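Colleague: Using the sequences plus the hints, can you model the full thing?
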Amino acid sequence: MQGFGVAILTQVIWAQLLLLGWARASELTFELPDNAKQCFYEDIIVGTKCTLEFQVVTGGHYDVDCRLDDPDGNVLYKEMKKQYDSFTFTASKNGSYKFCFSNEFSTFTHKTVYFDFQVGEDPPLFPNENRVSALTQMESACVSIHEALKSVIDYQTRFRLREAQGRSRAEDLNTRVAFWSIGEAIILLVVSIGQVVLLRSFFSDKKTTTTRVGS
Amino acid sequence: GVVVKALQVVLLLTFPLLTVMCSLCSALYFHIGETEKKCFIEEIPDETMVIGNYRTQLYDKQREEYLPATPGLGMFVEVKDPDDKVILSRQYGSEGRFTFTSHTPGEHQICLHSNSSKFALFAGGMLRVHLDIQVGEHATDYAEIAAKDKLTELQLRVRQLIEQVEQIQKEQNYQRYREERFRQTSESTNQRVLWWSIIQTLILVAIGFWQMRHLKSFFEAKKLV
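From first to last, the protein sequence lines are chains Z and R.
Numbered according to the UniProt record's numbering, the first sequence terminates at residue 215, and the numbering increases by one at each position without gaps.
Numbered according to the UniProt record's numbering, the second sequence terminates at residue 225, and the numbering increases by one at each position without gaps.
Hints may be right or wrong, so weigh each one.
As the list claims (entries may be wrong) - Here are the simulated lysine-lysine pairs, BS3-like style, with alpha carbons at most 25 Å apart:
1) Z/81 <-> R/38
2) R/38 <-> Z/37
3) Z/150 <-> R/170
4) Z/81 <-> Z/98
5) Z/82 <-> R/38
6) Z/93 <-> Z/49
7) Z/98 <-> R/37
8) Z/98 <-> R/38
9) Z/78 <-> Z/37
10) R/37 <-> R/80
11) R/37 <-> Z/37
12) R/170 <-> R/85
Hints are computed from structural coordinates only; laboratory data are not their basis.
Everything numeric in this text was worked out from a predicted model, so none of it was measured.
Modeller: Next comes the structure, spelled out in structure tokens:
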């Protein structure tokens, strides 16, 4: 009887979890050093629609290798040297999905990578909701505004990343211009003074030899 | 009858508990070495709340699976603001939740590393860290607000919309501040290019004159000209 009760309990919990849909959105920005590989894992239930979106924010040519594997090791998505991409898939089996970002082709540039992994749909506002009636007009209007605002926030994030990219390039350019200008000025001075000194040295040697012969 | 009732009670209790606990059950996870420090960057506007949840698991070689880490093993969480000032630096247990609110807009850095100094604990394996970072509007717990303020469903939805719009407003404000910085950098580059070109041309011309004059007087002294 006890075992039966436990069995029922686990079945219902699993069903409730399925209803929850394990809905998640994980959004992270991290730094990927040169010759490094960073992997993330997520446990997904079969049938959930997932989206992986990534973008390289700063570093080098703004590209990274990305790879997504299913629990059996089959490659679902593999791209080399991509700046930005979005991949949607439906989980075909239960288990731990793995996605990796690799900067192994780069020798000295660190890359900052942003990714957004969306699993399932968003959870409902009321977790203990037991809807019997349909949504009222007001409520469905609220839902549609909510969805629209979500896409606005999404666009904002993408724009923020592009702006960060542009700004880091501009700051790079600024420091490079400063160093190169000072460097070139120094080189100019050194080369021109060196030229004069060298010319003088050619003629100075002849002078000492002639004077010696003279006296 | 009694068993069924007991089951019902247990179910009623476990479901909300599961929703709370399982906020990390399905979270993203990654592996971290013993002395490794993993940092994440969050670019956020000011007055934004960030909540981070993490859970660690240690690899058990005997059972060849990941088990919840021993209580002694904790994680050290350090949060730095855009000016590299530390705003949160605390040690938590093997499972923890950290919260901070940004006071300056910009890139905040959240770093995690384990506080273990005993190599035997890891035994060459890795620590599995489940991490979930929620920023701004995503960090609010609507069920809690509904219960506390006794809101109807419509009121709660409107509250959610208000929070979303506030987040959008804050981000737009931050965007204005960033664009100004970008413009300053571009104008500084423009100025630098302009001034250094002029200076370098002047140096060239001046050096040219100096060279000719110096060599001329040198050759005249040597009675070659």
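Colleague: State for each hint whether it applies.
Modeller: Status of each hint after checking the structure:
For the given pair, residue 81 of chain Z sits about 23 Å from residue 38 of chain R by alpha-carbon distance, which is consistent with the 25 Å threshold. The hinted pair formed by residue 38 of chain R and residue 37 of chain Z meets the criterion: a straight-line CA distance of about 13 Å does not exceed 25 Å. A distance of roughly 15 Å separates the Cα atoms of residue 150 of chain Z and residue 170 of chain R; the hinted pair therefore holds under the 25 Å criterion. Restraint check for residue 81 of chain Z and residue 98 of chain Z: satisfied, since their Cα atoms lie roughly 19 Å apart, inside the 25 Å limit.
This hinted pair checks out: residue 82 of chain Z and residue 38 of chain R have alpha carbons roughly 23 Å apart, not beyond 25 Å. At roughly 12 Å between alpha-carbon atoms, residue 93 of chain Z and residue 49 of chain Z fall within 25 Å of each other, so this suggested pair holds. Straight-line distance between C-alpha atoms of residue 98 of chain Z and residue 37 of chain R comes to about 21 Å, which keeps the hinted pair within the 25 Å bound. Proposed proximity of residue 98 of chain Z and residue 38 of chain R is supported: the alpha carbons are some 18 Å apart, at most 25 Å.
Between residue 78 of chain Z and residue 37 of chain Z, the direct Cα distance comes to roughly 14 Å. Compliance with the 25 Å bound is thereby established for this hinted pair. Proximity of residue 37 of chain R to residue 80 of chain R is assessed by CA-CA distance (about 14 Å); at most 25 Å being required, the pair is judged to hold. Straight-line distance between C-alpha atoms of residue 37 of chain R and residue 37 of chain Z comes to about 14 Å, which keeps the hinted pair within the 25 Å bound. A C-alpha spacing of about 22 Å is found between residue 170 of chain R and residue 85 of chain R, which places the hinted pair at or below 25 Å, so the restraint holds.
The earlier numbered hints are all upheld by this structure, with none contradicted.
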